[in-house]
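Peer 1: Using the sequences and the hints given, assemble the complete structure.
Protein sequence lines correspond, in order, to chains A and B.
FYI, the numbering for the first sequence is 1 to 330, going by our numbering.
FYI, the numbering for the second sequence is 331 to 633, going by our numbering.
Just so you know, these hints were derived from the structure itself, not from any lab.
Glycine included, C-beta positions come from ideal geometry on N, C-alpha and C.
Some hints here could point you the wrong way.
Under 7 Å between C-beta atoms, here's a sample of chain B residues computed to sit facing chain A [to be verified]:
1. L364
2. Y366
3. T367
4. S370
5. A442
6. P450
7. S451
8. V453
9. T464
10. V623
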Amino acid sequence: MAARVRVAAPEAAPAPDPAPVPPLRLTGSGTARADRLFAAVTRGAGGFVVVLVLLVAGFLAVKAAPALRVDRVNFLTSRTWDVAGHRFGIVDMLWATVTVSAVAMVIALPLAVGVALFITQYAPRRLARPVAHVVDLLAAIPSIVYGIWGILVLAPLLRPVQDALGSAHWIPLFGNEGYSTGTIFDGGVVLAVMILPIITAVARDVFERTPVAHLEAARALGATRWETIRLTVLPHGRSGIVSGAMLGLGRALGETVALYLILSKPPAGPFSPSLFAGGETFASKIASNAAEFSTPTQTGAYLAAGLVLFALTFVVNAVARWIARRGDAA
Amino acid sequence: MNATLGARRRAADRTATVLITGCFLLGLVPLVWLLYTVASKGWHMVVTSEWWLQSQRGVGFRDPGGGALHAIVGTAEQVALCAAISVPVGLLVGVYLVEYGRGTFARVTSFAVDVLTGIPSIVAALFVYAVAITTLGGQRAGWLVSLALVVLMLPVIVRSTEEMLRLVPDELREASYALGVPKWKTVVKVVVPTAFSGLVTGVLLGVARVAGETAPLLILVGYASGMNTDLFAGFQASLPGMINDQFVNLGSGGQAYGLDANGNRVPIHNFAPDRLWGAALTLIVIVLVLNLVARLAGRRART
Numbered sequence: 001m002a003a004r005v006r007v008a009a010p011e012a013a014p015a016p017d018p019a020p021v022p023p024l025r026l027t028g029s030g031t032a033r034a035d036r037l038f039a040a041v042t043r044g045a046g047g048f049v050v051v052l053v054l055l056v057a058g059f060l061a062v063k064a065a066p067a068l069r070v071d072r073v074n075f076l077t078s079r080t081w082d083v084a085g086h087r088f089g090i091v092d093m094l095w096a097t098v099t100v101s102a103v104a105m106v107i108a109l110p111l112a113v114g115v116a117l118f119i120t121q122y123a124p125r126r127l128a129r130p131v132a133h134v135v136d137l138l139a140a141i142p143s144i145v146y147g148i149w150g151i152l153v154l155a156p157l158l159r160p161v162q163d164a165l166g167s168a169h170w171i172p173l174f175g176n177e178g179y180s181t182g183t184i185f186d187g188g189v190v191l192a193v194m195i196l197p198i199i200t201a202v203a204r205d206v207f208e209r210t211p212v213a214h215l216e217a218a219r220a221l222g223a224t225r226w227e228t229i230r231l232t233v234l235p236h237g238r239s240g241i242v243s244g245a246m247l248g249l250g251r252a253l254g255e256t257v258a259l260y261l262i263l264s265k266p267p268a269g270p271f272s273p274s275l276f277a278g279g280e281t282f283a284s285k286i287a288s289n290a291a292e293f294s295t296p297t298q299t300g301a302y303l304a305a306g307l308v309l310f311a312l313t314f315v316v317n318a319v320a321r322w323i324a325r326r327g328d329a330a
Numbered sequence: 331m332n333a334t335l336g337a338r339r340r341a342a343d344r345t346a347t348v349l350i351t352g353c354f355l356l357g358l359v360p361l362v363w364l365l366y367t368v369a370s371k372g373w374h375m376v377v378t379s380e381w382w383l384q385s386q387r388g389v390g391f392r393d394p395g396g397g398a399l400h401a402i403v404g405t406a407e408q409v410a411l412c413a414a415i416s417v418p419v420g421l422l423v424g425v426y427l428v429e430y431g432r433g434t435f436a437r438v439t440s441f442a443v444d445v446l447t448g449i450p451s452i453v454a455a456l457f458v459y460a461v462a463i464t465t466l467g468g469q470r471a472g473w474l475v476s477l478a479l480v481v482l483m484l485p486v487i488v489r490s491t492e493e494m495l496r497l498v499p500d501e502l503r504e505a506s507y508a509l510g511v512p513k514w515k516t517v518v519k520v521v522v523p524t525a526f527s528g529l530v531t532g533v534l535l536g537v538a539r540v541a542g543e544t545a546p547l548l549i550l551v552g553y554a555s556g557m558n559t560d561l562f563a564g565f566q567a568s569l570p571g572m573i574n575d576q577f578v579n580l581g582s583g584g585q586a587y588g589l590d591a592n593g594n595r596v597p598i599h600n601f602a603p604d605r606l607w608g609a610a611l612t613l614i615v616i617v618l619v620l621n622l623v624a625r626l627a628g629r630r631a632r633t
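Peer 2: And the structure:
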């Protein structure tokens, strides 16, 4: 006790002139050098990350260039992808990538908002945390496992849904192309399961941060639970829902292995916009054609496709971050 | 909810409750279903000792026996090399962003980490291919997979490190400075040890994230059915690679027949589905255990 008092005493009565107390002199020049060295090392690691990103974009672009130079069709508007014949057009891949992601979003987005609302507004507080962890587990399952489960277990059971929707075959999206499984629709459903936890996590975060004053004000006015949600939680969380959706979309656009296993390769022939046809996304096409990386030109064609995918996911993720940041600021 | 509530409002509230609870239950269905499928179809392979002790060398899809040891070893090696690079670099970047990062360069670094977070695995694999094989003329091998995984793991480690270091109260840093401890020593001896279990969580989640990654394997290394412990030469198996390989064998010729001792036609069992689900179960168990341990470590960090 006495010891503590003695140590504490100088603090209680601060020295009148603290300037000459020399903490700097205690750290000799060797320590200062160590300090600068450590700062430089951490900064260097940061620089490594910056250089890495530049290298990824740079290498893809530089190595894709020779292929684009000999491309006999328009890279961005042609449907033909014939690597040996030097015809690289990405329209089919773009269509498959966008439609499969769109199916996933249509299913996953409302579901994820529902799950997030349940966890934050309905689940008993003691249950909410473990339940949230369980949903997070969905994100931990490797995509190849989703792939084999999707094509071997889920897709055959989706057949009736496909047939029911296919009865509206005058809509081009629902045309019957004679596929039993391995369609864009099957891929989209599995993707929906994969991006559900991503959207849920972001939405959950913003729903949790709904100002208590808003919630209480709504309740004080006699709002039901649903009205409280509609009046306070959803308006407050709109930016979170949108940015979560964009993050999920970014993941869906770039998903490789699940779709590589699920999607059937469409035969050469007339283009079908149907969701019930097979297809190849950027990622699944690159993955399934690794054997064609034989000459710099052929490899370059796939690198060009990869670069487009990179640009696509970059834009989507950037928009997601921008919306999230704006939501934080508001 | 009082009795004077209008019937329409009450109905809307009930409907919303049912729909939202329904969403939640529907969201859990795939998880339970998938885990059940993999466990029920894979467990009889995983419980044998040969599964853990043998490779698939010389084992055709019609032959019984063989195991997944080659794939487990391959995955362990590739992930270990990836972690050996990503963890120190990721920790340093996290330290930089939290302890030193001010100004333009820090913002650029943070932006670069954001970009890395969004890179699809196939793009990371293409990048490594473009550098190591197209440009430098290398051969496909396990270590290239590790390099592609670094691109995917690095942002996970950086972000979790940042999050954990920001949880360390500034009072601890100030107390350390007040004792005349230089900044680097404060970081190494005070900040990092305080956040240690949280950092472990981030590393384990990063490892779990890349252990099941398959896209780089398809481009950067061939599948070997035998044991190859050399990361730097030859084809190498891994658990996702083994699943993919068995998937290819699934449809081999449909139902095959052979002759038994009495000359009768008998169906031959195709072992590919068993091995496929066995490898999937092994992979899921590894990934989920890593997640569980990570969360336990994280919980200790918070209390």
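Peer 1: Each hint should be assessed against the structure and marked as holding or not.
Peer 2: Hint-by-hint comparison with the structure:
| no. | hint | verdict |
| --- | --- | --- |
| 1 | L364 | holds, 5 Å |
| 2 | Y366 | violated, 10 Å |
| 3 | T367 | holds, 5 Å |
| 4 | S370 | violated, 11 Å |
| 5 | A442 | holds, 4 Å |
| 6 | P450 | holds, 3 Å |
| 7 | S451 | holds, 6 Å |
| 8 | V453 | holds, 5 Å |
| 9 | T464 | holds, 6 Å |
| 10 | V623 | violated, 12 Å |
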